[in-house]
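Participant: Listed here are the chains, written in short residue letters.
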Amino acid sequence: MTIIETAQSPALAAYCAQPIFRPGPDVYITGNPYRRPIGPVGPASGFAVPATLAEFLGPGQLAAGRILCNAYESDMILLPAAGLATAKDDFDLFYGDEIRRLRDTVRPGLERYAFSFLDDAVPAPPVRTLDDLQEYFLAEVGGAGAPADASGVNPAVDPAAPVGGTMRAITECRHPEEAAGLHLIQLALDALTEASAMARNLGGSYGTEQSELFKIFNDEFGYGVYGAKHSTIFKEMLASVGLRTDLHAYWNFYLTSSLIGVNYFNWLTEDHRGMFRYMAAVTYLEWLFAQGFADTGVMLRAVYGDRVDAKYCDEHAHIDVHHGRMTYENLLLGLARAHGEIVIPELVRGIEDTKLLLRLGDEDFRAQIAWADDLAAHTGTRTDARDDASVTTLRPDDPFTTGVHDADLLVEVEDGAVHVHAWATDRPHLLEKGDVLHVPAHRLHGLKAASPRARVATRTVETAERTHDA
Amino acid sequence: MARVIVIDLSRHNTVYVGHDRYFVLHAGGPPLLVRDHCPHRGGPLSLARPTPDGRRLSCPWHGTKVGVSAVRRGCLPMVRSGDEAVVLLPDGTEPVSVLRKEVLANLPAETGPAC
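Residue numbers (my numbering), protein chains in the order written: chain A, 1 to 470; chain B, 1001 to 1115.
Don't read these hints as lab results, they were simulated from the structure.
Predicted, not measured: the structure shown is a model, and the values here were computed from it.
Where is the CB? At the ideal position from N, CA and C, for every residue including glycine.
Hints are not guaranteed to be accurate.
To be verified - No more than 25 Å apart at the CA atoms, straight line, and that leaves these computed lysine-lysine pairs for DSS-like:
#: 1; chain 1: B; residue 1: Lys1101; chain 2: A; residue 2: Lys215
#: 2; chain 1: B; residue 1: Lys1065; chain 2: B; residue 2: Lys1101
#: 3; chain 1: A; residue 1: Lys229; chain 2: A; residue 2: Lys215
#: 4; chain 1: A; residue 1: Lys448; chain 2: A; residue 2: Lys433
#: 5; chain 1: A; residue 1: Lys215; chain 2: A; residue 2: Lys311
#: 6; chain 1: B; residue 1: Lys1065; chain 2: A; residue 2: Lys215
What the hints assert, rightly or not - Label-pair restraints from in silico Cβ distances:
#: 7; chain 1: B; residue 1: Arg1003; chain 2: A; residue 2: Glu341; range: 40 to 46 Å
#: 8; chain 1: B; residue 1: Ala1109; chain 2: A; residue 2: Pro162; range: 41 to 47 Å
#: 9; chain 1: A; residue 1: Thr52; chain 2: B; residue 2: Gly1067; range: 56 to 62 Å
#: 10; chain 1: B; residue 1: Arg1003; chain 2: A; residue 2: Met76; range: 42 to 48 Å
#: 11; chain 1: B; residue 1: Lys1101; chain 2: A; residue 2: Met76; range: 31 to 37 Å
#: 12; chain 1: B; residue 1: Pro1095; chain 2: A; residue 2: Ala139; range: 53 to 59 Å
#: 13; chain 1: B; residue 1: Leu1088; chain 2: A; residue 2: Glu341; range: 54 to 60 Å
#: 14; chain 1: B; residue 1: Gly1018; chain 2: A; residue 2: Ala13; range: 54 to 60 Å
#: 15; chain 1: B; residue 1: Gly1067; chain 2: A; residue 2: Thr208; range: 23 to 29 Å
#: 16; chain 1: B; residue 1: Ser1069; chain 2: A; residue 2: Met76; range: 31 to 37 Å
#: 17; chain 1: A; residue 1: Asp119; chain 2: B; residue 2: Glu1102; range: 46 to 52 Å
#: 18; chain 1: B; residue 1: Ser1069; chain 2: A; residue 2: Ala338; range: 33 to 39 Å
Please model the complete structure; the sequences and the hints are all you need to start from.
Facilitator: Below you can see the structure in the form of structure tokens.
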């Protein structure tokens, strides 16, 4: 793919042009946590006009998500497992003066672009008092399938509960291991740096809530024992099913919604005005995570059998029962008690934001696995399409990246053969001369030549304008 | 070969044996040298507060209630004479050190309903 010329600012153009942010030939990026290709840099507005809810999965949000992820993580310590000597030049670049200057210049505008839609998309329930907040929160988690028990705290998990929703959808895929792998990859975006966003809220001086958050952080970091650190046991889970454990090895396969979701928490902790929203969002997530990770463990064992090391899921199914109670009692209600009604609307906002991002992320993931699971069914011969063919010649060592489009596309191989990478599988879909693949709008994909030279024509399908359900 | 140390209870209430920490617990009767380790996740029981009934310690990490009787069962053998106490340590070669720390577990029981 090529970089699209846009009206982007000189600083943004300079940031994206850094060598470590340009695509390389590899589908997976291993051994170097500083290489983070941004890919096509839309939208034409140059990110000056905030994305709407309808544009949530568009190419602008994907690019903004990648850039913001780079920006936030350049504030974290990341080192290559094989030693710094393997990537010293990229280390110097990633943390260098120029990139930090450009990052600080472009970040606020990108955050406005990426997150402003939440202002209109989430409701503002009339929650004003501490009692209102308790009633509202317990109603919300009850509605999400995790009601409080008789003592007012979240119940212990039911490991035998039948799984539904996305976890069940994964098990019902034709290629469940690829679908489960894609799910683990979305988790890896955050889990390999687990609680690093939380760490930004540990410093300072803000009362008992600070100490309560530290206890949770202490759990996430395994009480200082490397083998118990959650990111360590997450790596063991990845390795047990044959997935790479390098940070962002699967950078090209992070879905737009996953990037936005993780960036949301980094944004709220980078800009400390977001701390109340963050605390409430963490409370809501921790409450739901206990059963959620129990379900994830059930799914993984159904897909991979005994070979999966699901200790990470078991750990969260256990500890998040505590975290749900601790965050609810000591962060959400604690902050409301300490600071009064002035902060309650912001606490509620964090929960409403999170609810929406979870739903949008779930929809994005399920749409991706539904399409990627059966690319053969989406492959045929040429059909009616706009006469706007964009013809590209690909070679095996060309830079590889993935992207999304706002409209449905037809990808036709006019000569040679290409591999379609729609999820992180070592068995990509092969398109040969004359094959045409339908790529729905917003579906993440990348093309790589499977012959010494391949010519590919891409056309836009005539469809009614797509909108995202609010 | 068993190891024995002598500590001055007027100056010390904590013993490190390698990475294992013990603290002097006053829970009625003679003081006990107990392991500073919640069986749930290893939380520091020395920073626990007694429950209102005084029978359990509420771990500061996750609120887990640990029975004092269970803590007592894991104490190190200790013979006290005045402020001087002779302690029988576990076998091993780990370095031993003694010091004084704040021990919240010896505070009065929390007010409020027992749970």
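Participant: State the violated hints by number, sorted upward, taking the hints as numbered earlier in the document.
Facilitator: Those not satisfied are hints 7, 16.
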